[in-house]
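Student: For reference, the chains in residue letters:
There are 4 protein chains.
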Amino acid sequence: MAFNKVSLVSPEVAQRAVTTRRDLHRHPELGFTEFRTASIVAERLTKLGLDVRLGREVMDSASRFGVPSEQVLDHAYARAEAEGAPAQFLQQLAGGHTAVVATLKGAKPGPVVALRVDIDALPIMENDTQAHLPAREGFVSAHPGIMHACGHDGHTAIGLGVAEVLSGLTARLHGTVKFIFQPAEEGGRGAFSMVKAGVVDDVDHFMAIHLGMGVPSRTFYPSARGHLAGVRLDVTFRGQAAHAGARPEEGRNALVAASTAVLNLYAISRHHAGRSRVNVGTLRSGSGRNVIPDEAVMQMEVRGATEEITEYMHARAEAVLRGAAAAQDVEVEIKIAGRSTTAVSDQAFAERVASTLAGLDGVAVDATSHLASGSEDATFFMRRVQERGGQALYAVVGSDISSGHHTPTFDIDEADMVWAIEALATGIVGLGEGA
Amino acid sequence: MAFNKVSLVSPEVAQRAVTTRRDLHRHPELGFTEFRTASIVAERLTKLGLDVRLGREVMDSASRFGVPSEQVLDHAYARAEAEGAPAQFLQQLAGGHTAVVATLKGAKPGPVVALRVDIDALPIMENDTQAHLPAREGFVSAHPGIMHACGHDGHTAIGLGVAEVLSGLTARLHGTVKFIFQPAEEGGRGAFSMVKAGVVDDVDHFMAIHLGMGVPSRTFYPSARGHLAGVRLDVTFRGQAAHAGARPEEGRNALVAASTAVLNLYAISRHHAGRSRVNVGTLRSGSGRNVIPDEAVMQMEVRGATEEITEYMHARAEAVLRGAAAAQDVEVEIKIAGRSTTAVSDQAFAERVASTLAGLDGVAVDATSHLASGSEDATFFMRRVQERGGQALYAVVGSDISSGHHTPTFDIDEADMVWAIEALATGIVGLGEGA
Amino acid sequence: MAFNKVSLVSPEVAQRAVTTRRDLHRHPELGFTEFRTASIVAERLTKLGLDVRLGREVMDSASRFGVPSEQVLDHAYARAEAEGAPAQFLQQLAGGHTAVVATLKGAKPGPVVALRVDIDALPIMENDTQAHLPAREGFVSAHPGIMHACGHDGHTAIGLGVAEVLSGLTARLHGTVKFIFQPAEEGGRGAFSMVKAGVVDDVDHFMAIHLGMGVPSRTFYPSARGHLAGVRLDVTFRGQAAHAGARPEEGRNALVAASTAVLNLYAISRHHAGRSRVNVGTLRSGSGRNVIPDEAVMQMEVRGATEEITEYMHARAEAVLRGAAAAQDVEVEIKIAGRSTTAVSDQAFAERVASTLAGLDGVAVDATSHLASGSEDATFFMRRVQERGGQALYAVVGSDISSGHHTPTFDIDEADMVWAIEALATGIVGLGEGA
Amino acid sequence: MAFNKVSLVSPEVAQRAVTTRRDLHRHPELGFTEFRTASIVAERLTKLGLDVRLGREVMDSASRFGVPSEQVLDHAYARAEAEGAPAQFLQQLAGGHTAVVATLKGAKPGPVVALRVDIDALPIMENDTQAHLPAREGFVSAHPGIMHACGHDGHTAIGLGVAEVLSGLTARLHGTVKFIFQPAEEGGRGAFSMVKAGVVDDVDHFMAIHLGMGVPSRTFYPSARGHLAGVRLDVTFRGQAAHAGARPEEGRNALVAASTAVLNLYAISRHHAGRSRVNVGTLRSGSGRNVIPDEAVMQMEVRGATEEITEYMHARAEAVLRGAAAAQDVEVEIKIAGRSTTAVSDQAFAERVASTLAGLDGVAVDATSHLASGSEDATFFMRRVQERGGQALYAVVGSDISSGHHTPTFDIDEADMVWAIEALATGIVGLGEGA
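Protein chains in written order, with numbering that gives the first Met the number 0: chain A, 0 to 434; chain B, 0 to 434; chain C, 0 to 434; chain D, 0 to 434.
In case anyone wonders, no lab produced these hints; they're calculated from the structure. What you are looking at is a predicted structure, and each value in this text was computed from that prediction instead of being measured. Please note that a few of the clues may not be correct.
Covered stretches of chain A (in silico footprint by chain D; criterion: 3 or more residues with CB under 8 Å from a CB of chain D, positions within the stretch not fixed) [stated by the list, open to error]: (1) 253-265; (2) 307-319; (3) 323-329.
Idealized CB from N, CA, C, for every residue including glycine.
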């Protein structure tokens, strides 16, 4: 199918994308607590006639990283209930199993094409001044300290929009389309568990998308590469408290261990073979001014341009953490809180998709390989598909964002959701038709 | 007056001391938020006929250290209201001016004798198992995370008990007795402001007391010395956040500055002239795992056996903090959050008090000089009185405590309050009589 | 001129290259002390009839970095005298002005072509076992702790060989050839001062060479790029000594400052835009076990893929050094001990040279752009020539080295010097002929 | 015997003390290399008729701490030979066994009294200006970088003087006098090995002396106490060198480990029970600016007011060193380089000695207990004698020193040696006589 001026996206679908995005923006949910989001997604997809699976069926529970405490899960679940999450789906998500996968079969034979979007929000307090459009228009976050500051509300709305468009085209659709709504992308916590559950084991063509990313509105880059691999660690040093004035020698100082670790971590020799990163993002230690700190908790991460570099950084970080603990005679516990890998879009695949979009009105399509910064756990899906012989791409849906990703005044241009739905639906149909 | 077997403490006064202590124990309040405690104290003393002054009249507002935020003060004030604090006194305490001073004039001429007790609690979560007597008997803290874990509830009850006893003896009482109920002793935050307000400028004999302190029940040590001087600092490093993966060079890392400071602070060369201490009790830094931390907040302290040693440690600590900040190109703000000084009980005074207690049944009195550990801002009162030519002592009221001071299972033996009231009332009467 | 089988390098010239290289290898001299080397070079070039300038005439004295102490210079000068350095040239090199520039004018008009070689050795103790060829053949270093472990002896011999060949071809030579013998390349200390003296201000085509570098024998890469820019710093912390047992508080600890600096230096946030490096290579501190160290001296460096990255690292390093000093209340002195910059071979120039070497028997020539590691201050010459509109290249003369550069068993394959002379002479003649 | 005006010290003995001291001052020798000093001492004592034992006979070779390398020992031995050390004694000192013990038996029965002096010098470059008396008078150190800057030259001369005086008084002498000339007091390296060899196992009364120590000339304090116990450690971190620009990840950075250790060592929580000290006196690391340091060598020490505190500091230091090494994945070797313990002079013994000195003309004797600072391994002798039921004292021979101990301009007032000989001879004779 060649793209033509008769749009696949009706005004109703376009309007619904905006409404959906705004509802999600107003009710943001952190990784593995997307109870309201995922149950709404499941309900919508079910109504559209797709075969919907969710929860433990599409996630390997033990392969999730950084799952929140039961208390946090319970609180978010109750909030979702209170905010009208459809009960029959909600129940299947209990315990932080907030993934949804839906399948749409075309009338004609063809490949399995997957579209993956992520659905989680960030722990950021959204700006609520009139200068910020979501506040001005009344859909600013209703959950203090949580915000869709990375566009995943838009991704979800796009995913639902494409599903709606394609569900009306099954008669001409070749093959199968799989819609993957992934929780907990932030921190690299959700994708691995879905890969482990086999979600993409039958996929021939895989696509992940992201809005913004420094690419302007009405621009489509279907071939991103270069995501850094990463390992996220939650580290707890446990020593012995003591009165700092009266019995200092009885203390074992967890904060001195942590401070030593911080300086040594940033000082890890960098690998000659490519980019590497290390960061200690947070540290919390101590209970009272005159008490030798008996605990220090840090959230940290290492990243690398390749798995080898990342593993080098990871191994060095573990040595530093254990050595710093030993130097202060304190215990250290190290938990993996997230992971991502590297991946490269298949160039031929990206170019093939680009070719189907030739007629997309007013949208610039550039299939050359673009370097991405940051990390992204869609890479686990990509790597799995590529290992099994399929093709994968990571596409950027350009959008003039109001301020940087992960900032309190982040906002997308909603109009970009509409042509993205058109582009993705067009591309998917085209793939089935052997375009 | 020689002490005799006819006790000054009636069974009703003894019972009231226990009831009062348990009520205060159940409603503990942190430094400068002792709204309920201080207003109850003021009401009781007023009813006993004393001349009561409170709030700004007996505190120099600007000389308080580590006053909580307005929000914290407001919350505590509202809680005190809700828990029945008498309104006419409560109002005078607004804004964290929670000191009370009451004067009792004897019928006969004589010196001014002051008894100082402290009234604040600690930020500790009290043990609520049946093994802990306050829990078993139903007066465990009703304020989660706040606890009378240093016996100040007992001190307050003793102070009120002595006032009640002496208010019935004015006919034979020589001179004037001043009851000082000081807020915010923990952290050395309240006494200095009361000294600045001139509260002890007319005092000839000053006494401060403390329960427990490793001294067994039914033992009275009127001559403690050797409290460490100390300076408490609240330190905030402010840098620049940046995405740790994408733009690490744009960050200015407050956590690296703080970690550097921690290691350098503990490494300050110790002074040969006597004991010194330094501790970083708490550190909070960072907002997200992949963000270079833009803020780090620490609570720290230095102590020394003399003012000179303490000032040496303080000056070195400031240099470390500023240097560590400069090394990371971040800002640092340093606020004094508390202070205490050193002081020594006047030996002659202690022995004179001891001599009046000769007949105190079943109580061991030892007026030799005892070394105290820890810090105590009653020392500011002592130093002021001594500078003006008066005498001062710091007395330990022994009590078999259930576990260490500042621990979740701390408890005193309430029986020790009763003889302490007797001893202090006896001593004060004796001082007036020129015993 | 097309290259042909009639070699430009006579057996005598080839033999003299080996003899020269072995003599230099046996008498290695560190940067700015190449008194014997430079005076021998000057004598040889003078005898060949070139116009030779040396010493302050071809170096801006104040623009040298890391000049040794007068004592070290004097000692090396005396050694050179004792080892037969020709006196009339030696005198012009006094004070560490050990550069030589010689000009050969062709009979025909044409461009100015420069060939730069470096002449200094390294502070390495050479292996003197029979397994090491220079020891076996009797030309192992006669200067203990100094060694030609980077092939500059070979470079110098090549430079002299090319001069000898071309001095016999002046009749057919177009333009002018400039031979630059640069001291103190190691550490990036010498080139900048020659650039400042205007040595390449009239050069149209500039060539620098290096033997080995991981490229096999009989292979010629005329287009290297990617040298890291760098700044080398000599840092001295000066505090106050004190008896560590008796008066620790009187000390100001230079070692604690240096240790703090070390950890903070390695912890500098890396720049996203490309490779960066930081290293503290040496640290010497303290005079006695029980004395608080009053001095700490470190040799360090920063490097970066671009000048911007290098300046970022340099600025951050200075802040760290000053902050660490301030934290310990010690002084710090920071001196620039060396510098290098980045440069890229002109591809067209490299290809043009390569084309003249088509007939070079048994030598593989590859003019594609190759990434170099490490730093090199020939880049200052390259940048200067390129800024003035000329062309520059950095060529690798492949050689099967016996072990890594800068190791005690490093050795080159001397046969590679011979074809290198042939190739360079051929290339230079070709350039003049407009090949 | 009551002291009387007829001095025991003849003008010849007095003159000889000065001559001896100046000869030793001119030829200072570091610990375990006192080959010339000890052989001269042995020769002198032999000539006086004492029973002289030396070398391995009076030292347990393996119990020495911090013995220099064979090369250093050989060099010093050769120097002693060249400087005329008497050969028959010198040979017995080989290998750094430089202790001498000589016994003088009195004609009458009585106790065993020991006098211990130390004989080693310090690694300090002596001032050689005319303002410094040893330079002005021509006996400044002839061994560059070595200096008697702690008065041990005087101690040795005093010991020899007392031996000469008493050797002329054997007829009236009760009991036995043991003269202990101990090497390697600096750093606490020699005494322990002599104790292990049983040198004081038969001693009833033990005396050690020290000149200066802040006590003025013509003043004698026979009762010092309070020396800090100490452990001296030589620490070597061994990692892996790597080119810091090309292959940083291959390095294992010994300097980062050492820097981490430095900061953590100084940061060890101090013991509440008394004074403690830690110092890293020297650090040497690295071989080249652009090489990741593969070795770091430090000399450090811990001290404490008691053995318990010292062991606490020692154990914490070892944990820090091992942890810091582990954090950087480098090896660490920790060797004990010296030790001292605490000891207290027996007050009764000191007073008894003082009483015999009542008539000592122009000398103030004060037998009250005086607090010493610093460490001293005579304490091992004292502790051993006291453990076996004997008595020990540590006496300060006051002397107006020209500048602080361990400084380049240190000098004693030689006149103090003369009365010290008189006082010690008098005291020893008195002890035998049951004074």
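Student: Which numbered hints turn out to be false for this structure?
Tutor: none
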